[in-house]
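Here the structure of chain Y is known, so what remains is to put chain D in place on it, guided by the hints.
2 protein chains.
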Amino acid sequence: MSEQEKIVTACLIIIGNEILSGRTQDANLGFLGRRLNEEGVRLAEVRVLPDSMEVLVPAVQEVSRRFDYVFTTGGIGPTHDDITVDCIAAAFEVPVIEHPEARRILEEYYGDGLTPARLRMARAPSGASLVPNPVSGAPGLRIENVYIFAGVPRIMQAQFDAIAHELSGGAPLLSESIAVSLPESVVAGGLAEIQLQHGNVEIGSYPFQKGGRFGTTLVVRSVDGQALRAASEDIVALVTALGGDLDSSVA
Amino acid sequence: MSEQEKIVTACLIIIGNEILSGRTQDANLGFLGRRLNEEGVRLAEVRVLPDSMEVLVPAVQEVSRRFDYVFTTGGIGPTHDDITVDCIAAAFEVPVIEHPEARRILEEYYGDGLTPARLRMARAPSGASLVPNPVSGAPGLRIENVYIFAGVPRIMQAQFDAIAHELSGGAPLLSESIAVSLPESVVAGGLAEIQLQHGNVEIGSYPFQKGGRFGTTLVVRSVDGQALRAASEDIVALVTALGGDLDSSVA
Numbered sequence: 001m002s003e004q005e006k007i008v009t010a011c012l013i014i015i016g017n018e019i020l021s022g023r024t025q026d027a028n029l030g031f032l033g034r035r036l037n038e039e040g041v042r043l044a045e046v047r048v049l050p051d052s053m054e055v056l057v058p059a060v061q062e063v064s065r066r067f068d069y070v071f072t073t074g075g076i077g078p079t080h081d082d083i084t085v086d087c088i089a090a091a092f093e094v095p096v097i098e099h100p101e102a103r104r105i106l107e108e109y110y111g112d113g114l115t116p117a118r119l120r121m122a123r124a125p126s127g128a129s130l131v132p133n134p135v136s137g138a139p140g141l142r143i144e145n146v147y148i149f150a151g152v153p154r155i156m157q158a159q160f161d162a163i164a165h166e167l168s169g170g171a172p173l174l175s176e177s178i179a180v181s182l183p184e185s186v187v188a189g190g191l192a193e194i195q196l197q198h199g200n201v202e203i204g205s206y207p208f209q210k211g212g213r214f215g216t217t218l219v220v221r222s223v224d225g226q227a228l229r230a231a232s233e234d235i236v237a238l239v240t241a242l243g244g245d246l247d248s249s250v251a
Numbered sequence: 001m002s003e004q005e006k007i008v009t010a011c012l013i014i015i016g017n018e019i020l021s022g023r024t025q026d027a028n029l030g031f032l033g034r035r036l037n038e039e040g041v042r043l044a045e046v047r048v049l050p051d052s053m054e055v056l057v058p059a060v061q062e063v064s065r066r067f068d069y070v071f072t073t074g075g076i077g078p079t080h081d082d083i084t085v086d087c088i089a090a091a092f093e094v095p096v097i098e099h100p101e102a103r104r105i106l107e108e109y110y111g112d113g114l115t116p117a118r119l120r121m122a123r124a125p126s127g128a129s130l131v132p133n134p135v136s137g138a139p140g141l142r143i144e145n146v147y148i149f150a151g152v153p154r155i156m157q158a159q160f161d162a163i164a165h166e167l168s169g170g171a172p173l174l175s176e177s178i179a180v181s182l183p184e185s186v187v188a189g190g191l192a193e194i195q196l197q198h199g200n201v202e203i204g205s206y207p208f209q210k211g212g213r214f215g216t217t218l219v220v221r222s223v224d225g226q227a228l229r230a231a232s233e234d235i236v237a238l239v240t241a242l243g244g245d246l247d248s249s250v251a
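Just so you know, the protein sequences line up as chains Y and D, in that order.
So that you can map any letter, position 144 of the first sequence is 144 in UniProt numbering, and since no number is skipped, the others follow by simple counting.
So that you can map any letter, position 221 of the second sequence is 221 in UniProt numbering, and since no number is skipped, the others follow by simple counting.
What the hints contain is simulated information worked out from the structure, not anything from laboratory work.
Remember, it's a predicted structure, so these values are computed and weren't measured experimentally.
Note that the Cβ used here is the ideal one computed from N, Cα and C, for glycine as well.
Don't take every hint at face value.
[Unchecked claim] Partial chain Y-side listing against chain D, Cβ under 7 Å, derived: (1) 33; (2) 47; (3) 118.
Next up, chain Y with everything else stripped away, as it sits in the complex:
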């Protein structure tokens, strides 16, 4: 694997009891997985963790060492249960300060409505830089390789778009999806052989059911476009030999 093909990795930490309790469905993982890949960064792990300093501090310390980038979502609002800034400051062993530029942004955004609660959103780990929030004022933060984003998807997405150019990605992972009208177990044997023959692609197999019939979506992934095409061609040949159809109606 050449220098240019090194894999750059990221970890997402989704912070919030409301996700763990099943009350709220996370909507950030999918967006981040797709957008990171476009930037050549592989989302390699996601953790959903409670609003607990005891849990968050060691987790942030661990993943910020293991991955090139860490993103957190949630826990940065004006209420007592918003403890992300405190946890990340503790993880990097720096104090929490009031960030002067964040305060200025909040003053401009809220005017006379800048209550003490809202001013909490100017708090930052010492040494952090700001991530613009074009949606609702209160900025995100970056310290070392950790980006602190809002949990609200619209805000989080705007924050990601604002910093995407900062990321140093590797080669983006290319992928091709092939939906076939055969159950997984029928393609399994041939597929395992194709995987063995194409070491530099990763072949995933995902069953689906549609109108009472079982089918399989085969996803081929690689940083090497030529290798991707070669493996995909072998898969199409396998499916045809097995009497299956390529079901182009399933993306």
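Structure of chain D alone, referenced to chain Y:
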């Protein structure tokens, strides 16, 4: 906190590159979070991990020590990328065997259609017991405190329902949601005080936007029903004093 109120915890490991890449949205977290709570078990952490033995083995070892129960979803089908059984066997340092009862179930379910690929689904870590799969034959597994479930939500849910009675839960976490017509920052100060006064409840604050107006859902959680009601009453009094409405149209 009395003996009966000890907190029983669980960790969910969602296995699959397709979730990390953003191709597929997980639909098991919410179900498991809600159902575990009904059984008195707190979903305390979720990890989404790739189809990689190198990653999964140490993760399973870590979380099976840290939590009372571990659930895995995904990676138990008939194809080469289904490596969950191998990873969990390796985590517990036991061999993978063909489970005789699992084989019998597959023989009955598939009849003459039991291909070598499908027979892979009879593989189990040595010492594992079976979890019934009323939907599609291939059983789930349990070894020590780890339950191995399918990734397909309908199957996973049936498997959970089949084993729910085995779980030894603590007191279920009760909760009350109060939707108010005030932005988070307006309730923040009073809410922090209420949280301080009610140490045995956990108050979460979740902003929402509806028809262009900002509101907040306040969620009070406790294993103690009386404490829950007392805190909820204080919150209702706070909202009323601040001139807010209780928005009963938001669950």
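If any of the earlier hints don't hold here, list their numbers in rising order. Result: no hint breaks.
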